[in-house]
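Enquirer: Dock chain B against the given chain A, drawing on the hints supplied.
Spelled out, the chains give:
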Amino acid sequence: MSKKKIRDILLSVLLLAAAGGILAWLQADSSNHSYAISIIERSAIYAVVAVAMNMLTGFTGLFSLGQAGFMALGAYVTGILTIPVELRANVYYLNGIAPWLENVHLPMLPALILGGLVAALFAALIGIPILRLKSDYLAIATLGFAEIIRAFLASPAMNTITNGSFGLNNIPAFSNIFVPCVIAAVCILLMVLLINSSYGRAFKAIREDDVAAESMGINLFRHKELAFVISSFFTGIAGGLLAIYMRSIDTKTFQVTLTYNILLIVVLGGIGSVTGSIIGSFLINGGQEWLRFFDEPLSIGGVQIPLFRTGFRMVIYSVLLMIVVLFWRRGIMGTSEFTWDNLFGLFRRKKKKQAGGEA
Amino acid sequence: MSATTLIQHMLTGISLGGAYALIAIGYTMVYGILRLINFAHGDIFMMAGYFMIFAMASFPWFISIPITLIATIALGVLIEKAAYKPLRSAPRMSIMISAIGVSYLLQNLATYLFTALPKSYPEVPFLKKIFQFGEISASLVTLVTPVLTVVLVIVLIQLINHTKIGMAMRAVSKDTETARLMGIKVDTTISMTFVIGSLLAAVGSILYFTDRMTVYPFSGSLPGLKCFVAAVFGGIGSIPGAVVGGFVIGICETLLVAFGYSTYSDAFTFLLLIVVLLVRPTGLFGEAVTDKV
Chain A
1 MSKKKIRDIL LSVLLLAAAG GILAWLQADS SNHSYAISII ERSAIYAVVA
51 VAMNMLTGFT GLFSLGQAGF MALGAYVTGI LTIPVELRAN VYYLNGIAPW
101 LENVHLPMLP ALILGGLVAA LFAALIGIPI LRLKSDYLAI ATLGFAEIIR
151 AFLASPAMNT ITNGSFGLNN IPAFSNIFVP CVIAAVCILL MVLLINSSYG
201 RAFKAIREDD VAAESMGINL FRHKELAFVI SSFFTGIAGG LLAIYMRSID
251 TKTFQVTLTY NILLIVVLGG IGSVTGSIIG SFLINGGQEW LRFFDEPLSI
301 GGVQIPLFRT GFRMVIYSVL LMIVVLFWRR GIMGTSEFTW DNLFGLFRRK
351 KKKQAGGEA
Chain B
1 MSATTLIQHM LTGISLGGAY ALIAIGYTMV YGILRLINFA HGDIFMMAGY
51 FMIFAMASFP WFISIPITLI ATIALGVLIE KAAYKPLRSA PRMSIMISAI
101 GVSYLLQNLA TYLFTALPKS YPEVPFLKKI FQFGEISASL VTLVTPVLTV
151 VLVIVLIQLI NHTKIGMAMR AVSKDTETAR LMGIKVDTTI SMTFVIGSLL
201 AAVGSILYFT DRMTVYPFSG SLPGLKCFVA AVFGGIGSIP GAVVGGFVIG
251 ICETLLVAFG YSTYSDAFTF LLLIVVLLVR PTGLFGEAVT DKV
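Those protein sequences? They're chains A and B, same order as listed.
Take 1 as the starting number for the first sequence in my numbering and just add one per residue.
Take 1 as the starting number for the second sequence in my numbering and just add one per residue.
This is chain A alone, in the form it adopts within the complex (with noise of 0.2 Å):
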């Protein structure tokens, strides 16, 4: 083992120790540092769901728009079978709930592994019309799914099993910050062994040309079929993840929004990089509370200074995001990983740029 393999594995322990470390003094004292705690479960639990997407749109190739249907599809599964039992009437009070469920009643990890292999299967029934579709046709058609699967659960033929339009609530909380942080990380260790993985190669090579692709002997549709459930499988745990962060959901949570913003994380960080993605959530999460300020009425000696008020926040958060989309198309990472000799690399350089200016 060379000296920078060592030193490059040292590093990783040391970071991983100091996350640990920090999200072991959060929860300490979990009730003063609440705020940050929930900034940084809803950054973990959108980093999967920004991997996820990443996966097809960055190293498959297809742009999919339909995250938020299988999140809705995840979340309604795990909130379902999570809620205590002795609760439901109180859920369900308008409607009812279906005998059939009133005592189905799973523990959180196989309930989100259920919420994930039902949107996985539903993904892998779309999948098979409508990935012969291409880019933004393929867009707009799980975009289309995603408003269906809503529509779906929103509807009063579901009533006794989604609660319909009034949407579940009483979901039980993470006991503590690690469980979504820990499933987080698995999940998207995962998705890495994938895409490093033949499949992996088998991926990209398509994104790049799926005619050459296929002369090489990639089956094109087995492929993008797996890309597309695999995705779907972590987007749908993501969105358990979510029901059970939020506690109470509705259909309305998983509007194209929420899908739009998924997308910006994964443009912010890099169309193509894992780990892009990860900083552009952990970015994207924590910087919209860090303009919150932008949304309280700002005086200066005394001045008050009008733009300041409620939804500034949001037009400066959208402006920022424009700018990245026009003049810094490759994002944070472009299609680069982070990696320990980038980052001193980056140090290096800047270095030398000073040096050179000095001179």
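Be a bit skeptical, because a hint or two may be false.
[Claimed, not checked] Selected chain A positions facing chain B (Cβ under 10 Å, derived; list incomplete):
#1 61
#2 149
#3 152
#4 220
#5 256
#6 257
#7 263
#8 309
#9 310
#10 316
Honestly, the hints are just simulated from the structure, not real lab data.
Fair warning: this is a prediction, and the values are worked out from it, not measured in the lab.
Glycine included, every Cβ here is placed at the ideal spot set by N, Cα and C.
Expert: This is chain B only, laid out in the frame that chain A set:
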């Protein structure tokens, strides 16, 4: 359901369909030229609603309507110049993401400027006049919408088939590079497409919101998507197709609501989209294009 109520619902549906058709033309023209789903088009339509509210606050309707049309056109062209033009040579996905970004920006801007609460749409007095035919009653706007739609479409088709700018548009949508070599000013032509699209969206918004009475920052997103579906249904790039698609979706949606399936009325549109894409991806009147490798 009696025949009268059915006719009543049909009238509403045709009127809604007319407004949809006008918006769908904007999608189909932009897609024909730029190969871009202009996700912001629905929000341009929403902004046109707000422009009308503010114009009507200080002017009578015959001044307000031109103001609305001009302001909407300006917005459409501004968006094209600022958000789409820098990305002409970028991959298609980038420009589509840019369109989504613009849509997001317009929604947030509207929320900021006009708050998220629905604002009531001003009544243009003569449009709201009620007509009575036996048991069927309809306001003038219901009757005007389909007529105006058809007239505008005929004018537009004449414009595209028989004028110089129309010829330029057809050339650019067939082959941008060759059109440029032939001395056509591609950027001007594309701007012109946005002018026409935004103009029709503004007309559509006046007709649509006069019936709906309220505007809120997200009132453009779902109609926008539906009108895109209408454009796909008719065959993207085909103006008569977009009109037929608009009417079909408007009528079906109204009838679904009338029969009590209002939860499914939005899902229906997307179901239609998926069926069309699977059975006949080129739509009703679209031309099949073969991909050259």
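Enquirer: Hints first: check each against the structure and report whether it holds.
Expert: Results of checking the hints against the structure:
1. Taking 10 Å as the C-beta contact cut-off toward chain B, the hint placing residue 61/A at the interface holds, the least distance being around 9 Å.
2. For residue 149/A, the interface hint holds, since its Cβ comes within 10 Å of a Cβ in chain B; the closest pair sits about 9 Å apart.
3. Because the beta carbon of residue 152/A sits about 7 Å from the nearest beta carbon in chain B, less than 10 Å, this interface hint is met.
4. For residue 220/A, the suggested interface contact is broken, since its CB lies about 14 Å from the closest CB of chain B, more than 10 Å.
5. For residue 256/A, the interface hint holds, since its Cβ comes within 10 Å of a Cβ in chain B; the closest pair sits about 7 Å apart.
6. Annotation: residue 257/A was flagged as interfacial toward chain B, and the flag holds, the nearest CB pair being 8 Å apart, inside 10 Å.
7. The beta carbon of residue 263/A is positioned within 10 Å of a beta carbon in chain B (closest approach about 6 Å), and the interface hint is therefore held.
8. Taking 10 Å as the C-beta contact cut-off toward chain B, the hint placing residue 309/A at the interface holds, the least distance being around 8 Å.
9. Among the interface hints, the one on residue 310/A holds; its C-beta lies about 8 Å from the nearest C-beta in chain B, closer than the 10 Å criterion.
10. Interface hint status for residue 316/A: upheld, as the beta-carbon distance to the closest one in chain B is roughly 9 Å, under 10 Å.
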